[in-house]
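**Student:** Assemble chain B onto chain A, guided by the hints.
Chains as they are written, first to last, in this note's numbering: chain A, 1 to 254; chain B, 1 to 189.
Rather than coming from a laboratory, the hints here were simulated on the basis of the structure. Any given hint might turn out to be false.
As the list claims (entries may be wrong) - Computed footprint of chain A on chain B, listed as stretches where at least three residues anywhere in the stretch have a Cβ under 8 Å from a Cβ of chain A: (1) 17-25; (2) 140-149.
Said to hold, decoys possible - From the derived model, a few chain A residues whose C-beta atoms are all more than 10 Å from chain B: (3) Ile122; (4) Ser151; (5) Ser167; (6) Met169; (7) Gly190; (8) Arg207; (9) Asp210; (10) Leu212; (11) Pro243.
As the list claims (entries may be wrong) - Now the in silico label distances, taken between C-beta atoms and shown as ranges: (12) A/Asn25 - B/Glu72: 38 to 48 Å; (13) A/Glu183 - B/Glu9: 56 to 66 Å; (14) B/Glu165 - A/Leu205: 34 to 44 Å; (15) B/Ser86 - A/Glu206: 19 to 29 Å; (16) B/Glu72 - A/Val40: 32 to 42 Å; (17) B/Phe30 - A/Glu206: 51 to 61 Å; (18) A/Leu75 - B/Gly88: 46 to 56 Å.
Think of the CB as a built atom: it goes at the ideal place given N, C-alpha and C, for glycine as much as any other residue.
The lines below spell out each chain.
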Amino acid sequence: MLGRDARDRRERCKTGIEGLDNILNGGVPRGNTVLITGSVGTGKTSLCLEFLVHGSNSNEPSLYVSVTEPCDKLLKNIIPYDFFDESLMTDGKLHFIDLPIVYERLGLEKAEFDFEEVAILISAIASIVHELGIKRLVIDSITSVCYRLKSQENIRDFILKLGSVLSEMGCTSFLVSEISPAEERYSLYGVEEAIADGVIVTGNLERRGDLLRTLQVVKMRGTMHSRAKYVLDLTTVGVLLVPLLKGGSVAGGG
Amino acid sequence: MTTATQIAEKLDALPESSAVALKIRGEQYFDVIRGILDIFAKKKEMDSIYVTSTIPCQSIMNALQVLEIDTERIWFVDCISQIMMSVGEKHPHAIYVESPTMLENLMLKVEYLIRRAEGKKKLVILDNINSLAIHNNIKILSEFLHILVNNLRSKNTYTIIFSMEEYETDEMTNMLNLVCDESMTLEGG
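For reference, chain A alone in the conformation it holds in the complex (with noise of 0.2 Å):
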């Protein structure tokens, strides 16, 4: 078992995101799968698109793989980043696929696919990978591909391979969850965020009829990190995160 010590000496996936790289105690362990949960609105594309824009500017090849989407149509409605340049996606740094046309082009048509679909699709998904020299990954979301696993099991065997060959090749991957306001779990299927390396939580909090947008590192194995809440906000110069005040979340507190 890994020490603090050892834990802490991991090569990081800097983020990009300060307030989250600060979280993280450097960055996000590099190769390790995190899942991106939240409900609607609470900011989970714009964070995993900051990671990959961040990456492209490093030099990190970075994919976005749209699933519910079509990418035309998330990139007209993207934040006007000041650090953010078309020619990242000219010049091959970034990419963004439809995933419903990879499914398409593998034949995979069906509603429900079975454990052997499931094979086709990681397989092909790393084919990408490595094909582009891919560092950063974004799969969003990860409960639309769930919906076509069904089982339980297949669920899980598709995280886990993914997770592992991904990571085999040093990629870092966000794989966003949706879950409805009032889900106590994580994930959709309970299955994802047992798997995955790290969960990031993005919420709604309602404080005396304010609506806060938070975030919340719940679980990232290979460092050390906070696990406090936090309030984000959306901007041109990223996201930004300051700590939530506990004085106005306990009972009469202000």
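**Tutor:** Chain B in isolation, oriented as in the chain A frame:
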């Protein structure tokens, strides 16, 4: 010596990135603003971030124009216009926070303005602690000031917190003394 030059000289004598609690009376308000924004910040070539929780930034901007103070290097974080439903036309130098109870968002907007002008020296004015105390209890306000001031200090930014003398309670005095490097009062009217 006028109030404006008095405050500018006092601030000038402080170490870089000091945090100051400035106790003022209502009648000194515009002289203090002139001293900070038009003399001190101009001399130090600093951008100013003016956080208002008392009166809408548009009213402050109008006053600055009357005082013929250049607003080119002044940015506003306005925590009061939206709650008063009086934003109207948004000013390009202003960012709005929904309510003065959203202290984390206030910090985030200040952080955003600092990041946007990275490399330049900056001054943050918090106007004022008394109105923030109307909307927040002293516990959360102390926590907020502690985080904000330390964060600004680490970014080599001056912090000036206005406190209206006539409305300052003992609790507020203790809180300001705890987080600020210096507490200042001004002579004369």
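**Student:** Hint by hint, say whether it matches the structure.
**Tutor:** We went through each hint and held it up to the structure:
1. Counting residues of the segment 17-25 of chain B whose beta carbon lies closer than 8 Å to any beta carbon of chain A gives 0, which falls below the threshold of three, so the coverage claim is violated.
2. Coverage of the segment 140-149 of chain B by chain A holds in this model, with 6 residues showing a Cβ closer than 8 Å to a Cβ of that chain against a need of three.
3. The Cβ of isoleucine 122 of chain A sits about 39 Å from the closest Cβ of chain B, beyond the 10 Å cut-off, so the non-interface label holds.
4. At roughly 42 Å, the least C-beta separation between serine 151 of chain A and chain B is larger than 10 Å, which holds for a residue marked as non-interface.
5. Separation of serine 167 of chain A from chain B is adequate, the least Cβ-Cβ distance of about 33 Å exceeding the 10 Å criterion.
6. Non-interface status of methionine 169 of chain A relative to chain B is upheld: no Cβ of that chain comes within 10 Å, the nearest being about 33 Å off.
7. Glycine 190 of chain A, annotated as away from the interface, keeps every beta carbon of chain B farther than 10 Å; the closest lies near 31 Å.
8. Distance check on arginine 207 of chain A: its Cβ comes as close as 8 Å (rounded) to a Cβ of chain B, failing to clear the 10 Å threshold; non-interface status is violated.
9. A beta-carbon of chain B comes within 10 Å of the beta-carbon of aspartate 210 of chain A; the shortest separation is about 5 Å.
10. With a minimum CB-CB distance of about 6 Å to chain B, leucine 212 of chain A fails to clear the 10 Å threshold, and the non-interface call is violated.
11. Look at proline 243 of chain A: its CB is around 6 Å from the nearest CB on chain B, not clear of 10 Å, so calling it non-interface is violated.
12. Distance hint for asparagine 25 of chain A and glutamate 72 of chain B: a CB-CB separation of about 41 Å, consistent with the stated range 38 to 48 Å.
13. With their beta carbons about 59 Å apart, glutamate 183 of chain A and glutamate 9 of chain B fall inside the hinted range of 56 to 66 Å.
14. For the pair glutamate 165 of chain B and leucine 205 of chain A, the supplied restraint of 34 to 44 Å holds, since their beta-carbon distance comes to about 36 Å.
15. Taking 19 to 29 Å as the suggested C-beta distance range, the pair serine 86 of chain B and glutamate 206 of chain A conforms, at roughly 24 Å.
16. Under the hint 32 to 42 Å, the C-beta atoms of glutamate 72 of chain B and valine 40 of chain A, about 40 Å apart, fit the expected range.
17. Taken as a hint, the range 51 to 61 Å is violated for the pair phenylalanine 30 of chain B and glutamate 206 of chain A, whose Cβ atoms sit roughly 39 Å apart.
18. Separation of leucine 75 of chain A from glycine 88 of chain B is about 33 Å and departs from the stated range, judged on CB atoms against 46 to 56 Å.
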